[in-house]
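The listed protein sequences derive, respectively, from chains F and U. Under numbering that gives the first Met the number 0, the first residue of the first sequence is numbered 0, with each subsequent residue one higher. Under numbering that gives the first Met the number 0, the first residue of the second sequence is numbered 0, with each subsequent residue one higher.
Any copy will do: because identical chains look the same in the list, a pair fits if it lies in one copy or spans two.
SDA-like mimics (lysine to any residue), calculated; alpha carbons at most 25 Å apart, straight line:
{"hint": "1", "residue 1": "LYS157", "residue 2": "TRP105"}
{"hint": "2", "residue 1": "LYS157", "residue 2": "GLY91"}
{"hint": "3", "residue 1": "LYS33", "residue 2": "MET178"}
{"hint": "4", "residue 1": "LYS157", "residue 2": "ILE94"}
{"hint": "5", "residue 1": "LYS157", "residue 2": "ALA128"}
{"hint": "6", "residue 1": "LYS157", "residue 2": "ILE101"}
{"hint": "7", "residue 1": "LYS33", "residue 2": "ILE70"}
No wet-lab data here; the hints were simulated from the structure. All values derive from a computational prediction rather than experimental measurement.
Number of protein chains: 2
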Amino acid sequence: MTYEPITEEPREDETRVQFVMRQVAEHIGRQGLKVGDQLPSETSFAEMLSVSRPVVREAFGALGALNMIEIANGRRPRVSAIDGSVLSVSMGHAIRTDQISIQEVWETRRCLETETIALAAVRRSDEEAARITEIAAAMASAEPGSSELMTLDIALHKAIATASRNTLMAQIIGSFAPMLESSVPAAWDTITTKERHAVMLVRHAALADRIRARDADGARQAMDDHFDRSVGARLTAR
Amino acid sequence: MTYEPITEEPREDETRVQFVMRQVAEHIGRQGLKVGDQLPSETSFAEMLSVSRPVVREAFGALGALNMIEIANGRRPRVSAIDGSVLSVSMGHAIRTDQISIQEVWETRRCLETETIALAAVRRSDEEAARITEIAAAMASAEPGSSELMTLDIALHKAIATASRNTLMAQIIGSFAPMLESSVPAAWDTITTKERHAVMLVRHAALADRIRARDADGARQAMDDHFDRSVGARLTAR
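The whole structure should be built from the sequences, with the hints applied where relevant.
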């Protein structure tokens, strides 16, 4: 397959690699390519844009790092499905280098999760409501302090985000997951008494209950309480 | 400068390039490097990790694309300051390939901006409050439909996000800017009557006013109204 040459020149503020990256992104838009669709080869882009193959290879590599295209050795690249990994890696870096704080991440998570649960209460399918209820019930049966409990906790928040039908918010929330995997066990660790463990379970059951009831305001309030008392308390205590 | 060799092996789920990317990120964390600090050279990492230089070069390129390091030809890379560009590029791609909708972006923006304005009302410095008030006042003097008005509109939202002191939320909001630059003029374009223009100005003045008054709830409500009526109305009308 041959393509029309693109006569546009790199802008003054971009390198040749950035120029190729932008042209590949624009090609995807222009051709209406969707996830899984094949892109022209390195050689085709090099010809179309009158640049060398190493420049295209570098641009492909960068687009791969940004999770926009998927590159398998020797095959033509394909359009990638987004996931939270790019934001996750970028956020991890910002935290490690003190550009953003853990407190800021929690504020952001709270903001987004109180909204996604309200949307989930309105938009969830019956299957989703049942699944969320099931996870909350499984949490009640799980051994206090077990890794199973942590896994279920994370799965509950994820199922709620998915049921919101807002992929962008779900992706952003999902990108916090690697951080959660290290901080959720610590949060549950601070729950030393039976009474406090029971309260945590009631809070999680309340999230599921308000979604099942299609009660957006109640769901939002339940998530806000959850952050306030269980999560917030721990952050303050640090 | 020489570094200790790292004996860790790539994980089964990562390529050699991904392994080097992770090791560079961990090196930054371990050494407590901050924005602007220099990283070891390509050769040093190749020796430390027992990989070839082209592998390190590719990993550096990918980390550059993710805006984690800055690479200048022939010089050692430095730790980069994050900005919203990575999320912005990734979001643009997701929109172009129908993975997320404009409606989802607006929902996310509304969620974050109603929160950042509440935080701004509490945390803003007097200078920030004065600056925000000044922008709102300049909007009132700007020619209806002028590009100056659009620029001020975007600047107002940006100043509010900055005053929230939550860099992560400000970055995410900032990453919507390229999309705003194309959609804000269209939003103002739909304001055809003098009366409606005046109402828009009053709404923006209310945002500034509630921040100046340190009224978090009022500020949140004013932003919610702003999204509801001006922005929401337009989206519905499409």
